[in-house]
Amino acid sequence: MDLQIAFVCCLCDDLLKALDHGEDPQCRVSDAEILTTALVAALYFGGNFKRTHEFLHEQGSLPRKLSSSRFVRRVYRCADLLMPLFHGLVGLGHQFNPESLYIIDSFPIAV
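According to the working numbering, the sequence shown is numbered sequentially starting from 13.
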């Protein structure tokens, strides 16, 4: 699991560099760390951002911890980057494992 998390982190960082993504210099946590946490939450923690953020901080993968509300605001600010990254990961997974079946539930739920 540690190797996969490191791979996702490097992939996020490389994607942001390739897109020439500029970050706010006042941010203590990079957008690559935010995207990594969101993807790890989707892959291993059933989409639970808070639990994933705490896990990665305790493990040492995230040196700085944000409050839950601040983290969620940062995830929404990076949302336009998250979907292309997620689709890229799914594409890589399908290339290495073509016999697997992937199901995406996109049923809208009123909030």
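Treat the hints with caution; some may be incorrect.
Said to hold, decoys possible - 30 angstroms max Cα-Cα, derived DSBU-like pairs, lysine-lysine:
#: 1; residue 1: Lys77; residue 2: Lys62
#: 2; residue 1: Lys77; residue 2: Lys29
#: 3; residue 1: Lys29; residue 2: Lys62
If you are wondering where the hints come from, they were derived from the structure by calculation, not from laboratory data.
Hints, one by one, checked against the model:
{"no.": "1", "hint": "Lys77 with Lys62", "in the structure": "holds (11 angstroms)"}
{"no.": "2", "hint": "Lys77 with Lys29", "in the structure": "holds (23 angstroms)"}
{"no.": "3", "hint": "Lys29 with Lys62", "in the structure": "holds (26 angstroms)"}
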